[in-house]
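Now for the letters of each chain:
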Amino acid sequence: MSENIHHTATSTKQINVTRRSSHYCRITFDHPPLNIFGPETIPQLDEVITALETDEDVKVVVFDSAVEGFFLTHYDFLARLEDTTRLPPGPTGLQPLPDMLVRLSRAPVVSIASIRGRATGVGSELALACDMRFASREKAILSQWEVGAGVVPGGGPMARLPRLMGRGRALEVLLGADDISGDLAELYGYVNRSFPDADLDAFVDALATRIASFDKRAIGETKRFADVASLPPDFEIAPEWGVCLASIMRPAAQERIKKLMEQGFHKPGDVENRLGYHVGQLGR
Amino acid sequence: MSENIHHTATSTKQINVTRRSSHYCRITFDHPPLNIFGPETIPQLDEVITALETDEDVKVVVFDSAVEGFFLTHYDFLARLEDTTRLPPGPTGLQPLPDMLVRLSRAPVVSIASIRGRATGVGSELALACDMRFASREKAILSQWEVGAGVVPGGGPMARLPRLMGRGRALEVLLGADDISGDLAELYGYVNRSFPDADLDAFVDALATRIASFDKRAIGETKRFADVASLPPDFEIAPEWGVCLASIMRPAAQERIKKLMEQGFHKPGDVENRLGYHVGQLGR
Amino acid sequence: MSENIHHTATSTKQINVTRRSSHYCRITFDHPPLNIFGPETIPQLDEVITALETDEDVKVVVFDSAVEGFFLTHYDFLARLEDTTRLPPGPTGLQPLPDMLVRLSRAPVVSIASIRGRATGVGSELALACDMRFASREKAILSQWEVGAGVVPGGGPMARLPRLMGRGRALEVLLGADDISGDLAELYGYVNRSFPDADLDAFVDALATRIASFDKRAIGETKRFADVASLPPDFEIAPEWGVCLASIMRPAAQERIKKLMEQGFHKPGDVENRLGYHVGQLGR
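Residue numbers (this note's numbering), protein chains in the order written: chain A, 1 to 284; chain B, 1 to 284; chain C, 1 to 284.
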């Protein structure tokens with residue numbers, strides 16, 4: 001990966017890039033205490049993904065977390081909305097977050113999400129944009145929680161989930177908006193496989209090391225063919241973002257988010273840990 | 001749901017609508033002894049689905065059965081064929097049964113099939129048109145039995161099953177025409193999940209109650225995006241119906257249906273209970 | 001099946017056709033010791049598939065193997081490349097191997113792969129072109145090993161695997177290039193189901209016998225509708241072949257294949273038995 005990947009502003013650095021070898025990179029979310037993803041995370045992730053697109057050596061990247069309990073969680077609702085909306089579209093013409101995710105899916109590099117802790121909202125969307133997902137049986141929780149808060153998801157899951165697990169299970173994930181355990185995620189195909197927590201790292205590392213030993217061009221060409229059969233077209237993802245933003249502005253969402261905030265949203269504790277349960281209480 | 005939903009002709013009422021709350025409805029098939037679906041069921045189901053399309057309050061509907069052993073089973077082969085063929089196409093331009101099913105899938109309401117007993121033929125097709133399906137591990141049987149009787153299915157399963165479970169398993173369901181247990185249905189993704197019979201109702205009710213507490217607009221918009229990625233186009237379903245009717249008229253089907261009738265088809269008993277087994281004996 | 005199917009040149013006969021009944025055929029790969037698929041296998045398989053397309057009686061075919069440990073394995077890298085490249089395109093305009101596979105998928109006959117032993121490369125691709133796949137839990141190994149040798153697969157798996165099991169698992173199979181056990185193949189939907197080895201034959205034979213008792217026209221029409229929803233278009237498969245051949249010519253593949261040859265590739269032994277392991281060692 002080119003050097004510029006190491007130049008993310010250290011003052012607010014939320015993503016660590018570690019090079020295990022010239023061919024194998026770890027991208028580690030490290031924004032304690034919750035790995036919340038906000039507008040200031042966007043340029044950092046963009047830098048990582050731009051580097052992956054152009055690096056001539058890297059063949060495989062593993063996304064993981066340095067924060068106990070959280071792989072990567074929901075968007076930052078404490079940030080000013082303008083800090084998000086003022087960001088210009090990315091190279092694909094999509095808004096920055098969906099832009100980065102579709103670019104990650106198409107990058108000539110194998111991306112693996114190693115999920116331990118919550119992958120909620122943006123965290124789930126990033127995992128879904130990766131080529132493969134593996135989860136800790138005991139510690140992974142996947143969730144598209146948004147509908148539970150009156151919000152329409154915005155980073156592609158309506159386009160990606162049905163292609164991965166079929167319409168019925170995708171609609172349960174999206175409209176049930178509940179926490180999905182590692183076991184259920186495996187049954188549904190939300191992740192490739194779940195492993196006992198003690199085995200997850202060894203499995204992912206062995207797979208990444210294996211792929212890193214293969215020919216980069218054969219990897220890229222094979223992936224590109226599979227992309228044709230498996231990636232949603234960008235125009236299907238494009239409208240999600242605007243509808244998501246519009247939904248956030250509506251009273252139904254504002255009231256629910258306000259209630260969640262009063263209960264401890266965005267702070268370590270039960271609301272963040274069991275977000276699925278808590279959104280289920282808001283409208284009763 | 002608007003009041004007209006309660007006005008189905010009581011003389012032959014086969015579908016009960018119960019309002020658990022303004023947001024949550026149960027649609028219960030109650031046509032003992034077998035929950036056979038015939039031409040006279042069509043206007044009743046149409047009334048239910050039209051109401052779901054326009055009701056401004058309802059967010060979630062659960063389809064279930066009041067008949068022991070049968071969720072909803074095959075079409076009525078004792079009814080005069082003209083009673084079916086004389087019905088005009090529905091609003092989508094499709095024939096009435098596939099018309100209602102595609103409208104159910106697109107309704108701005110979450111539909112859940114709670115399957116206990118046989119979901120055979122039309123019963124399976126209705127379940128497949130719902131947004132989600134949950135089954136009793138011990139008591140659910142799903143089946144597209146038609147090919148076993150020389151008949152081509154007509155209500156959409158060739159379009160829906162491969163998208164749900166992949167080509168291989170879909171072709172086994174369609175061309176094997178056998179009874180599928182709750183466990184196998186879960187493995188194949190024919191249903192979202194199967195539960196021990198004692199747990200099914202509590203799970204489905206909790207999920208429906210949960211979704212009923214969410215914002216209707218966020219539900220509808222999220223579902224509409226997922227529809228784009230997951231629903232077959234109507235033109236793919238459209239030709240199934242005519243080919244189904246034509247197949248029924250052919251000697252291969254007429255002879256098989258006649259044999260089944262002699263053995264007890266359309267009456268409570270082993271043929272209806274183990275239809276998969278019995279169609280497997282017809283051509284030997 | 002018409003008689004000409006029995007006229008494959010006996011001197012190098014690698015495929016046995018057995019007629020269990022007028023409606024049910026077994027196609028048995030019998031090219032010991034490894035069931036390697038080479039240019040001389042192509043006309044033999046073409047003859048079989050042409051017969052299946054035109055036979056007016058046959059309803060179901062089961063592909064299996066007479067060779068212990070191998071269902072059907074990779075392409076023959078000892079054969080002269082010209083013996084493959086000089087073969088003219090088939091009736092679909094595709095090159096011979098992908099041509100036969102897409103024709104098998106569209107044939108008005110139900111095709112079932114009964115997998116015991118390795119289904120590697122071409123063997124996996126043939127299984128994927130079948131309508132259904134069943135595997136021995138203990139003895140089946142599925143594998144798209146190609147990327148591990150610097151080669152891009154050429155017989156359609158990038159088009160078929162994501163439609164069968166979703167993008168994430170398909171990319172793991174393709175880019176991990178590792179051996180997949182019967183159990184994992186079932187979890188991933190790579191096969192319909194895996195059975196204890198002792199039960200596989202009875203299950204497959206009962207299913208084939210069952211389907212053979214059904215009406216051929218109802219089978220064909222139902223399958224054709226499911227094809228629309230589940231088969232990749234030929235133009236998606238078409239470019240795989242040329243890219244595969246080009247990849248084989250590159251030094252990255254040539255070096256890897258040479259190393260494998262030195263270790264025992266194409267001979268009975270550990271390299272062939274555990275090809276997934278061995279390709280994982282080549283680039284370290």
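Calculated from the structure, these hints are not laboratory results.
Possibly wrong hints are sitting among the right ones.
Repeated chains share a single entry, so a pair holds when one copy, or any two copies, can fit it.
As the list claims (entries may be wrong) - Within a straight-line C-alpha distance of at most 20 Å, the following computed SDA-like cross-link-like pairs (lysine to any residue) qualify: (1) Lys139 to Ala202; (2) Lys258 to Arg217; (3) Lys259 to Ser213; (4) Lys267 to Ile257; (5) Lys258 to Ser213; (6) Lys258 to Glu47; (7) Lys267 to Glu82.
Given the structure is predicted, the values throughout are model-derived calculations rather than measurements.
Now for the hints, and whether the structure bears them out:
1. In the homo-oligomer, the alpha carbons of Lys139 and Ala202 lie at most 20 Å apart inside one protomer (16 Å), although the nearest pairing across protomers, at 26 Å, exceeds that limit.
2. Taking the shortest Cα distances, Lys258 and Arg217 sit within 20 Å of each other only across copies (19 Å), while inside one copy they are farther apart (50 Å).
3. Taking the shortest Cα distances, Lys259 and Ser213 sit within 20 Å of each other only across copies (14 Å), while inside one copy they are farther apart (50 Å).
4. Proximity of Lys267 and Ile257 under a CA criterion of 20 Å is satisfied intra-copy only: 13 Å inside one chain copy versus 55 Å between copies.
5. In this assembly of identical chains, the alpha carbons of Lys258 and Ser213 lie at most 20 Å apart only when taken from different copies (16 Å versus 50 Å within one copy).
6. In this assembly of identical chains, Lys258 and Glu47 lie within 20 Å of each other by CA distance neither inside one copy nor across copies; the values are 33 Å within and 40 Å between.
7. In this assembly of identical chains, Lys267 and Glu82 lie within 20 Å of each other by CA distance neither inside one copy nor across copies; the values are 22 Å within and 66 Å between.
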